[in-house]
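**Q** Each chain, written out:
2 protein chains.
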Amino acid sequence: MLPATPGDFPRAFAEAWMNRDAGALAALFAEDADFVNVVGIWWEDRAAIRRAHHYGLTTFFAESRLALGRVKTRALGAGMAVVHARFRLSGQLRPEGGTAPDRQTILVTVLRDTGAGWQAVAAQNTDIMPGAETHLAGEDGLRAADYRA
Amino acid sequence: MLPATPGDFPRAFAEAWMNRDAGALAALFAEDADFVNVVGIWWEDRAAIRRAHHYGLTTFFAESRLALGRVKTRALGAGMAVVHARFRLSGQLRPEGGTAPDRQTILVTVLRDTGAGWQAVAAQNTDIMPGAETHLAGEDGLRAADYRA
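Chains as they are written, first to last, in the working numbering: chain Y, 1 to 149; chain X, 1 to 149.
In case anyone wonders, no lab produced these hints; they're calculated from the structure.
Note that this is a predicted model, so its numbers are computed, not measured.
The beta-carbon is built from N, C-alpha and C at its ideal position, and this holds for glycine as well.
Honestly, I wouldn't trust all of these hints.
[Stated by the list, open to error] For the chain Y half of the interface with chain X, some residues (derived, Cβ under 8 Å), not all of them:
id	residue
1	T59
2	A62
3	V82
[Stated by the list, open to error] Some chain Y residues flagged as far from chain X (calculated, every beta-carbon gap over 10 Å):
id	residue
4	L2
5	A4
6	A16
7	D21
8	I41
9	D45
10	R50
11	R112
12	G117
13	A122
[Claimed, not checked] Just so you have them, the derived chain Y footprint on chain X, three or more residues with Cβ under 8 Å:
id	segment
14	102-109
15	137-145
I would like the entire structure built from these sequences, with the hints used as guidance.
**A** Below you can see the structure in the form of structure tokens.
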């Protein structure tokens, strides 16, 4: 069932996550939705969103908890909206074993009113790097960079 | 001057960047626009977008080049659109001196037709971490994580 209002979307996303239900999570998205994850992987349809989340939710996110923070809704008129939501992710399993520290993200979602609830046509998630101003590329990947330091 | 079509927005953004013109860059955004940068800093108005970009474009991005890649436009109907754009950023100055390797990002932007061109109401930028599936929090920040390895 789709969220009744745009502002309900982040809670519905978190509920599907907490239920490890990638099908329910993917059903919140349009058939041709775009989703860019925190490392820039770009899924361009619902099936890809479902597959990737099923994989994560049954492996490294199997024990995770997704807690919703601030939600900001912007009506775009004509049955469209943009929603920003802060999340805290805890309990992520590390490849080497054990549990990783919490991380926080901002998920932006573009939603449309289907007439039977609100559905996402685009979403993008970004990790918050406390104290950083931008990223800096290195030979072995990116790191958070704070030029004021 | 605002872009004539949604798909022109990423090029206009890159042009303002290459001209180190934070005022021109910020003018592409609505007065109350949201912008989330690659490390999750969330600016909520045009003045904040201008200040932050002026700072970056006169310091660590002063010598940088922003090259536009793929652009994908989704019409939302009723004078709204979502645009995804890939960028390659080169020439970023490192805090310790010298130039950092290139990095690539995906910028998603929600645009509205003002009648005098298209203006962004929301934008979010995410760095692409090659080979990674997600992030993993550590004691000293985040790192890219690939659980398949």
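**Q** Next, verify each hint and record whether it holds.
**A** Cross-check of the supplied hints:
1. T59: OK, holds: T59/Y within 8 Å of chain X, min 6 Å.
2. A62: Check failed: Cβ of A62/Y comes no nearer than 11 Å to chain X, outside 8 Å.
3. V82: Holds. Min distance 5 Å.
4. L2: Per Cβ check, L2/Y is outside 10 Å of chain X; nearest 17 Å; holds.
5. A4: Given a closest Cβ separation of 20 Å, the condition holds.
6. A16: Correct as stated: the minimum Cβ-Cβ distance to chain X is 17 Å, above 10 Å.
7. D21: holds (19 Å)
8. I41: violated (7 Å)
9. D45: Fine: 13 Å to the nearest Cβ keeps D45/Y off the interface.
10. R50: holds (16 Å)
11. R112: violated (7 Å)
12. G117: Consistent with the label, G117/Y stays out of reach of chain X, its closest Cβ about 17 Å off (over 10 Å).
13. A122: Incorrect as stated: the minimum Cβ-Cβ distance to chain X is 5 Å, not above 10 Å.
14. 102-109: As far as the segment 102-109 of chain X goes, the hint holds, because 6 residues have Cβ atoms under 8 Å from chain Y.
15. 137-145: holds (count 8)
Violated hints, in rising order: 2, 8, 11 and 13; the structure is consistent with all others.
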